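Taken in sequence, the protein lines are chains A and X.
By numbering that gives the first Met the number 0, the letter at position 76 of the first sequence is numbered 75, and the numbering carries on one by one without gaps.
By numbering that gives the first Met the number 0, the letter at position 49 of the second sequence is numbered 48, and the numbering carries on one by one without gaps.
Derived from the structure by calculation, the hints contain no laboratory data.
On a predicted model such as this, the values are computed, not experimentally measured, just so you know.
Treat the hints with care, since some could be wrong.
Which copy is meant is left open, because identical chains are indistinguishable; a pair holds if it fits in one copy or across any two.
[Claimed, not checked] Straight-line C-alpha distance at most 20 Å; calculated SDA-like pairs for lysine to any residue: (1) Lys119 to Leu135; (2) Lys1 to Ala87; (3) Lys1 to Asp88; (4) Lys1 to Pro86; (5) Lys119 to Ile132; (6) Lys119 to Ala44; (7) Lys1 to Leu182; (8) Lys119 to Gly49; (9) Lys119 to Gln194; (10) Lys21 to Lys185.
Protein chains: 2
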Amino acid sequence: MKFYDCATAPSSRLVRIFIAEKGLEIPTQEVDLRHGEHLSPEFRAINPYGTVPVLETDDGQHLTSTQGCWRYLEAAFPEPPLLGTTPADQALIADRVWRIDLDGVHAAAEALRNRSRGFKDRALTGLVPVAQIPELAERGLARTQRFLESIDGLLGDSEYIAGDSFTAADIIALVTVDFAGWLKLKLPEDAVRAQSWYEKVAARPSAAL
Amino acid sequence: MKFYDCATAPSSRLVRIFIAEKGLEIPTQEVDLRHGEHLSPEFRAINPYGTVPVLETDDGQHLTSTQGCWRYLEAAFPEPPLLGTTPADQALIADRVWRIDLDGVHAAAEALRNRSRGFKDRALTGLVPVAQIPELAERGLARTQRFLESIDGLLGDSEYIAGDSFTAADIIALVTVDFAGWLKLKLPEDAVRAQSWYEKVAARPSAAL
């Protein structure tokens, strides 16, 4: 296997942490997004979408989404389970991950990519230029703030985002909280359960990656 | 189990077709989105996000995303597999589904919800009003068109979207092509493989649902 990563990209951090939590060491190649390496013919031969993360499997398959990479690693290396084992757990984790991807990751990306000069004409990932829309930056900020406020409720009385074990739902929630930090947004001070959850997951060795 | 559906919503059609392909019959309750039934206290007690689909499992869990519903049904009723069996198949299907959700479903929703009067202040699903952004309607149309043009390439030399069997990737691609039809967008005439794939999947009994 080989992992194509970018140290600063939240999308590939999702897979980096997952790999570490599985106890795997996979040869990793850094892709220099800042200098457009993802647009090069060499990288486009690996991933025509020009995005990270990419996981190259031993039979040469290129997985080009977090979901694809996670699912491969979970199926090939079941322990410890990060996507659930029983139907109920698997479903709850899938539900939470989808929700956090939409309300958290997409929202923060919407805010960042529509306001930063560095993302001019790159309001969406990929190879086709997409113009920034200032209203969307505002909308993304408001959505990200609402997401941060929702974490206490997602936790309820559970230790982790999808029950009593650490799962991929915690990985995506952690990455989103840190991503929101780039926008200077934080967990509400009075979100006591969310604060305590964050301290716990951020202290795991994988979170340093 | 109980399934909360809405006959006109592409999101719940994704689950409706999946249920039919599994050969299951699940008691179904129609939710009248047009008249705001999803905003009622009764429905919000079932799904606080105010969206369909919702699958209520026999132990009372409410799954509120297509991903959650699909994963539950696949784990509880493995045959026929729609989310893959080998790690490589599971991963490819997850990759394709994520990609089509982003480039197809999200794009078409962006176009529709930002231009139709019926979606005024409902540019995103959920309970919080979100204003329409006309530029986003244009962007969504262009993205949906690009998605339709991409299907031939996704198929390559395969019979189906993720290889040689019908899977959930075909379900989401089919639903997206039909959703794009609401925007008067079609598969390109010269997309021969995509046209032939569409005829085949649209002829399945589940596609009539």
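20 Å Cα threshold - placement of Ala87 relative to Lys1: between (32 Å within a copy, 15 Å between copies)
Alpha-carbon proximity between Lys119 and Gly49, which holds within one copy, between copies, both or neither at 20 Å: Within. Shortest intra-copy distance 17 Å satisfies the 20 Å Cα cut-off; inter-copy 35 Å does not.
Identical-chain pair category, Lys119 with Ile132, by Cα at 20 Å: For Lys119 and Ile132, the Cα distance is within 20 Å both inside one copy (10 Å) and across copies (19 Å).
Intra- versus inter-copy proximity for Asp88 and Lys1 (alpha-carbon distance at most 20 Å): Cα proximity of Lys1 and Asp88: across copies only (18 Å, versus 29 Å in one copy).
Same-copy or cross-copy closeness of Lys21 to Lys185 [CA-CA at most 20 Å]: For Lys21 and Lys185, neither the intra-copy (29 Å) nor the inter-copy (43 Å) Cα distance is at most 20 Å.
Status of Pro86 relative to Lys1 across identical chains (alpha carbons, at most 20 Å): between (30 Å within a copy, 16 Å between copies)
Intra/inter-copy verdict for Lys119 and Gln194 if alpha-carbon distance must be at most 20 Å: neither (34 Å within a copy, 36 Å between copies)
Intra- versus inter-copy proximity for Ala44 and Lys119 (alpha-carbon distance at most 20 Å): neither (25 Å within a copy, 42 Å between copies)
Homomeric proximity label, Lys1 with Leu182: Cα distance no greater than 20 Å: Classified as neither: same-chain Cα gap 31 Å, cross-chain 41 Å, threshold 20 Å.
Homomeric proximity label, Lys119 with Leu135: Cα distance no greater than 20 Å: both (13 Å within a copy, 16 Å between copies)
Checked against the numbered hints listed earlier, the structure breaks hints 6, 7, 9, 10; every other hint is satisfied.
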